[in-house]
Amino acid sequence: MTADRTVRVVVAKPGLDGHDRGAKIVARSLRDAGFEVIYTGLHQTPEQIVATAIQEDADAIGLSVLSGAHNYLFKRVLELLREKGAEDIVVFGGGIIPPEDIAALKTMGVREIFTPGASTQEIVRFVREHIRAAV
Amino acid sequence: MSERERWRRETYGPFTRGAPERPVRFESLSGLPVQPLYTPEDLRGWTYDEKLGYPGEYPFTRGVYPTMYRGRLWTMRMFAGFGRPEDTNARFKYLLAQGQTGLSTAFDMPALMGYDADHPRARGEVGREGVSISTLDDFERLFDGIPLGDVTTSMTINCTASIALAMYLAVAEKQGVAWSRVGGTMQNDMLKEFIAQKEWICPPAPAVRIVTDMIEFTSTHVPRFNPVSISGYHIREAGSTAVQELAFTLADGLAYVEAALARGLDIDSFAPRLSFFFDIHNDFFEEIAKLRAARRIWARFMKERYGAKKPESLRLRTHTQTAGVSATAQQPLNNVARVALQALAAVLGGAQSLHTNSYDETWALPTEEAVTVALRTQQILAEETGVALTIDPLGGSYFLETLTDAMEAAALEYIRTIDAMGGMIRAIDTGYPQKEIADAAYRYQLMDDRGEKVVVGVNRYVMAETRAIAYLKIDDAVELEQIERVRRFKASRDMAKVEKRLGQLADACREGRNVMPVLLEAVKDYASLGEISDVYRQVFGLYREPIIF
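As given, the protein sequences belong to chains A and B, one line each in that order. Numbered per the numbering used here, the first sequence spans residues 1 to 135. Numbered per the numbering used here, the second sequence spans residues 1001 to 1549.
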């Protein structure tokens, strides 16, 4: 593995939520911006997502939740990453997430949360500036 | 040279040399070109009787009923559901007290995906974006004190709709209300789940078979009930254009008709109860044209392709909802204005029922205050503006009629493509509509990001946000309490009875018998939504989607 390998991002839909418009747009924008993207598809458990991220040697996980279950699902993904010693994988996300929950999620270790109205450029910029390929 | 050409050359052209057109794209949200002016020349060869006719008469372009809103206003139906059944029951009673005329139930994700509240996969999602339902005990509490013979209820539920219908009918029975008096709508449109909303259990063929069971069952036993609401809403929200929404929705409808005919049902025995559900987005005239074109296309298919005889079979009755995706998190009060204009388009388009979104829904489920403003918006339209006084007031507009024709033609083109693939189920297997929508969504996003499509408060007229809005919070304790109640309730059941019913259901599924009669007995013996869904999973297998992005 070399230091200049492409940043690899797992874009995931945790939980039972089927709203995948945003996740797919983010996956496609990151791919078009030159990142390596693995999109998990829908209805993934936190366990499945963390296993995919570790197996794919991902540098970041982008979680999309529009069902209101973000507090539980984001927390569970962070916990599992810690349990597996993979806390170097950056977690970010987006969805229908109220301001107070955003603050709490960030304190918990989620690097960034994007809400409706965020542009794909903002998200691409975030990945470019904050995520480094593991060496 | 036509008169319009003359006007363009002699008057418009010279004028624009001094004062040019604004540097924007003159096209609809779906990308249809929009001319500076429409005149009788656009309607050359167009005849009133063929294209429009009269309200309540073929081809129903001007409206499905003779009197439209002069007889009865549209049903004001606000979608509601959160927390425990008693939380949603209280919201229902509040909305009815505010003058709402029909109920509309939102279920939580576990109920929509076939898991009980106490299932590990339900954790974190119980009661979060809809009401939590596991057994008939929950349904009884949800509709406690609501007379099911008088109020119609719409339920947004799909792969588990058969279970919800059984529970609803069981509650009616307990209230002493005859099924012949029960009215309402199950969304139950599985095809659009595979295309857009993505809540499923089993693959398309068995899923459509259960939908057909419900169509067959209600046509004999619950004649006032709409067993399916063929939905464009989710297709549009997933990113389609208005034309794709129109085309895919009608193609889904044709697939259900084909399935019911293949079952041996007579077209006129079920077609009158097929209902529709469309999104109403920002492009005012395009949305009105979409509803008018939908009615005309559907009537023609029912009459010409399927030989329906009853006028009721030709009527495309539709619920509408303002576009959730058009709401912005920035400057949220602007959403009140968007919703009002979209609601106006729904009414001018001749909708039978309308849900207006609340301004705070990009943050969370709506507060009571926000829901009230959204409902009042409909009441202002109905009672203050005069738009409900005459039928199809924009009918005959050169622009609107041209646009209606253009949308009809573009939708028919898509429907021909899908027919050539062998129908919608085959098209879904190949990922065709899914890919079309993903591509349109991406194009739309790029236009948005580049500022080619103005979104007020987001990419134009941006302000620093100073004021936080109040939003609905759902306490974690609600989830834990509901899980505990469901656990206790399930432990109190006669499990021998439950097991027997689940076995009977599995047999009916395997032998191709209608599942509804045995489902009714199963829910009355308190078989749970999750247990029944497990039977579907075991017998029919799980659906795996093709990953397209």
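Quick caveat, the hints were computed from the structure, so don't treat them as lab data. The structure presented is a predicted model; accordingly, all values stated were derived computationally and were not measured. Mixed in with the good hints, there may be bad ones.
[What the hints assert, rightly or not] Here are the simulated DMTMM-like pairs of lysine to aspartate or glutamate, each with C-alpha atoms no more than 25 Å apart in a straight line:
{"#": "1", "chain 1": "A", "residue 1": "Lys106", "chain 2": "B", "residue 2": "Glu1384"}
{"#": "2", "chain 1": "B", "residue 1": "Lys1310", "chain 2": "B", "residue 2": "Glu1216"}
{"#": "3", "chain 1": "A", "residue 1": "Lys75", "chain 2": "B", "residue 2": "Asp1476"}
{"#": "4", "chain 1": "A", "residue 1": "Lys75", "chain 2": "B", "residue 2": "Glu1481"}
Cross-check of the supplied hints:
With a CA separation close to 47 Å, the supplied pair Lys106(A) and Glu1384(B) exceeds the 25 Å bound. Only pairs whose Cα atoms come within 25 Å are accepted, and Lys1310(B) paired with Glu1216(B) is accepted, the gap being roughly 18 Å. Pair hint Lys75(A) plus Asp1476(B) holds up; C-alpha atoms about 14 Å apart against a cutoff of 25 Å. Between Lys75(A) and Glu1481(B) the CA atoms are separated by roughly 21 Å; this keeps the pair inside 25 Å, and the hint holds.
In summary, the structure is inconsistent with hint 1 from the numbered list given earlier, while agreeing with all the others.
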